[in-house]
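Student: Residue-level listing of the chains:
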Amino acid sequence: MALLEVENLRTYFYTRGGVVRAVDNVSFTLEQGETMGIVGESGSGKSVTCYSLLGLIPRPPGKIVSGSALFGGVDLLNCSKEQLRRIQGKRISMIFQDPMTSLNPYMRVSDQLVEPLLVHDRMSRSQALTKAIASLEEVGIQDAANRINLYPHQFSGGMRQRVMIAMALISRPEILIADEPTTALDVTVQAQILELIRQRQKDLGTAVIFITHDLGVVASFCNRVNVMYAGRIVESAPTDEIFARPMHPYNASLQQSIPALHKKGQALFTIPGLPPDLTIEFRGCPFASRCAHAGEICKEQDPALKQIVPGHKTSCIRFQRGEIADVRIKNFVSAV
Amino acid sequence: MATATASIEPTPIRADELVQGTSLWKDAWFRLKKNHVALFGLYTFCTIALLCLVVPFFTGYTYEQTEISLKASAPLEPIFSRSEARKVGEPKKSFIALSNLEDEFLERPQSDRKAIVAKIASGEVYQEGRDTYQRSNQRHVFGTDPLGRDLLTRVLVGGRISLAVGFAATLVSVCIGVLWGATAGFAGGKVDTVMMRFADILYALPFTVIVILLMVMFGRNFILLFVAIGAVEWLNMARIVRGQIISLKNQEFIEAAISLGLPSHRILFRHLIPNVIGSIIIYATLTVPNVMLLEAVLSFLGLGVQPPLSSWGVLIDEGSRTMETSIWLLVCPAIFFSLTLFSLNFLGDGLRDALDPKSSKD
Amino acid sequence: MSIFLELENVKTHFPIYRGTIFRRQIGSVKAVDGINLQVRKGEILGLVGESGCGKSTLARTIVQLIPTTQGAVILEGRNLSEISKAAVRAERVNFQMIFQDPYASLNPRMTVYDTLAEAIQTRQQIDKKLLLEKVGRLMRTVGLPSNQMRRYPHEFSGGQRQRIAIARALAPEPRLIIADEPVSALDVSIQSQILNLIAKLCREMQLTMIFISHDISVVKYISDRIAVMYLGRLVELGPATEVVEKPLHPYTKALVSAIPIPDPQVERRRQRIILQGDPPSPMSPPAGCAFHPRCPYAIAACKAQRPELEQKESNRFAACIRVGEI
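Protein chains in written order, with this note's numbering: chain A, 159 to 494; chain B, 924 to 1285; chain C, 30 to 355.
No false leads were mixed into what you were given.
Result set (SDA-like, lysine to any residue): computed pairs, CA atoms no more than 20 Å apart in a straight line: (1) K956/B with R174/A; (2) K1172/B with Y132/C; (3) K1113/B with L1125/B; (4) K1172/B with I95/C; (5) K457/A with R479/A; (6) K40/C with E111/C; (7) K422/A with K275/C; (8) K1037/B with G1052/B; (9) K1037/B with I1002/B; (10) K1172/B with R118/C; (11) K1172/B with P96/C.
Using C-beta positions, here's what the derived DEER-type ranges look like: (12) A1110/B with K457/A: 52 to 62 Å; (13) F43/C with L973/B: 49 to 59 Å; (14) R1120/B with K114/C: 22 to 32 Å; (15) R298/C with R217/A: 39 to 49 Å; (16) R283/A with T945/B: 55 to 65 Å; (17) K457/A with W948/B: 31 to 41 Å; (18) S213/C with K422/A: 13 to 23 Å; (19) Y132/C with H311/A: 21 to 31 Å.
Everything labelled a hint here was simulated from the structure, so no lab data went into it.
Note that this is a predicted model, so its numbers are computed, not measured.
Glycine included, every Cβ here is placed at the ideal spot set by N, Cα and C.
Model the full structure from these sequences, guided by the hints.
Tutor: Here's what the structure looks like:
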């Protein structure tokens, strides 16, 4: 049985400019102990998907229009506030991108760390404090017994992120959602934090949903990858497959535009056009206007995720019909 | 929205082919139009200003024209004329309000008085001795003050004064404040410290004392009034502008302007101040009501405009003294004053939301 | 290859004061602490480093937005640190900067035309009709349709705004351009557009460029040579491909190993060097070699003396006493 089953999630934002379809029919499953990556650019809906699961969408203007998210028999999207509260922070935790604003600057780190323990596990304060110090040591903070009494601003960015991870893992959750946890960090610190998350995950057996825009991070970190575009999942596969045998032109285009994979002087592929306007209701595939492989059918038929080989799904209509063998773009004239 | 394509068209550019952009001002105006409260404020204020400017020419009275016999008549009270025939020349005409008509016949017993008043009120012409009493067509929409001056005209003319003082003083404070604050903020360092410490010292001096001193030195002068108020209000404006300029100075587009080698005055006037104007407008809109209140306070102290000229402040002061007997003398100017203050405040709030850079689409 | 820009022991220190009425200096933040560098005409030099290393400060020091505390910035033989402020202003048409944030680097109240026209006219006054032509041509060079010139920055996307910023930098016809993280704030698919554009423009206009980034893979892609910066000093300098494929300095090795490669096979086979601790703050630099507290190869001698950037192989420089041994 899967740990988390999300089906047909639709989260829309009702704004003055129109209805923003941030998440438009997203379904995925998460197994025990697995690391799943959600990759996309800004506006792809990757963060909103996970915020929806934990009831963090402001309503108004947001609204979860449809969908279910089954976790241990409870539908996270349709349960009582009390039920959700008992799951948040205890069985599903989240770490965020900006360590500066995710910690309360007016509370000592000790207070912030013991809070989930006092609330969820009903421990005494001294028990909770011991556990908190242990958790700081687990994330590699030296001299934890003394530093736990400091305020967040007295830690550096990398340290704050470690504190966040300690806070998220202190009640031994079954799922950890990490929303771009290393984007704001230096590259060497990022490597440390990723290594830390990987280590803790191994020790605790926690499943991780890792949200990022960086394909490189996903390659080293995740078992499975979901690529999102315009609020939908366009491709879903194990990590090796996503890179070795891409089945969606967006995925292939992204990989071909990364400088890291190119030699100097080799022109980078550029995806023409602009990210989609989410207030427009798409007819057909939302990527069609920018896709080198787009055909007539792409503009008419609504794409749906279909499994091609076991474990590997794509929503590219033409690939599903066998009209394209290789989604990679060859012989492109690089546009500037 | 433009798509990024590299096209090579060597055809010359014609100015009329260019797509006009929507400046941030137009953006702000659209946002303001959607804010109904702010629009209400704007239209109400414009209406009041227009009334004050135009209607006094049409009321048929001037603000100083007294008619003692009409003392403190209520709004729209019926008015009667008394023509006193004289041996030589035109009969002397005066006007009396219904409420005072009884007092004309004090020598008669009460029952008689009531009968006579009823007769005159019904439209008959009544003659007693040399005096002829009859209905008059005159109306005072807001009534009259103790000296028989038409209150409507006085309120509207007073409005002219109050609004003029409000805007003129604000203009003075904006001019001084913006130059001072922008220079201090842009120069930074010692110049900034000296300029702002000077402003701090001025800020600590009590406003009323300064105005009294100025009045004593230069006499009670209408122009002096708003120079004095403006000279006090500029301090806040300077502080606000300085703060804005300092935070703008560190923005990258200012660094870019410096890297282009542009001279300082151009950076200040072309790049910094236009981006600060939003705050200036908002603050100025909110300063006008403050200034008008200050002027009213001065009038309470007797330092305001000279009679017979009056402002809303003076009228409210006078009205508050006869509150028990003729409440309209207080209520009418107070309504106008309050409406104006509310309108400007609503407008100022609306402008703040409309010009807020965070709410512009990004 | 002639030397186009020379940095001679450039230092930029920011004093730290204490006290309110009587301030005394108790120390300084040594953001840039002795940079010696020669940039050749027509080359693209990549400058890489993490936060706190001083690369942005160095960029602003070179373009004279921040004065040097010590040392000289010599552009085409002219010492910019010694001449008067007015002379510097006159020189500014020869070097321009592209900033990181496309949302903050354009004046929101000026149209594209206003911004570009102002920039063009810094070199010479041009009459209006010709100005219209020039602005149009400039926009086309950076890939923007010229009929958009009367629009305001907020009506464009991030990538387009960056193109406008590039156009502005090119407008005075400079010979040197400093690009301070020009693609870091853009989406991945837009980054490649802008990188292609910059590479093309540098080639066609024979510009000399210093390309600053924290992303070494981007820098490797676009630069001829790479300089690695750590805590205000250069720790390695050499041809781009060699620095990334065969790094000499331990910090460069760690930096390269920390970059995630979007290729799972490669990722699995990699040797990862995970550094301990956080990047140091320039307010309290370590003694001796600034990197020694985090260096996996540090020995006692590293704490004693600060190593200089020295030639280790042909065209390759590193500031480490143990280069041959590790």
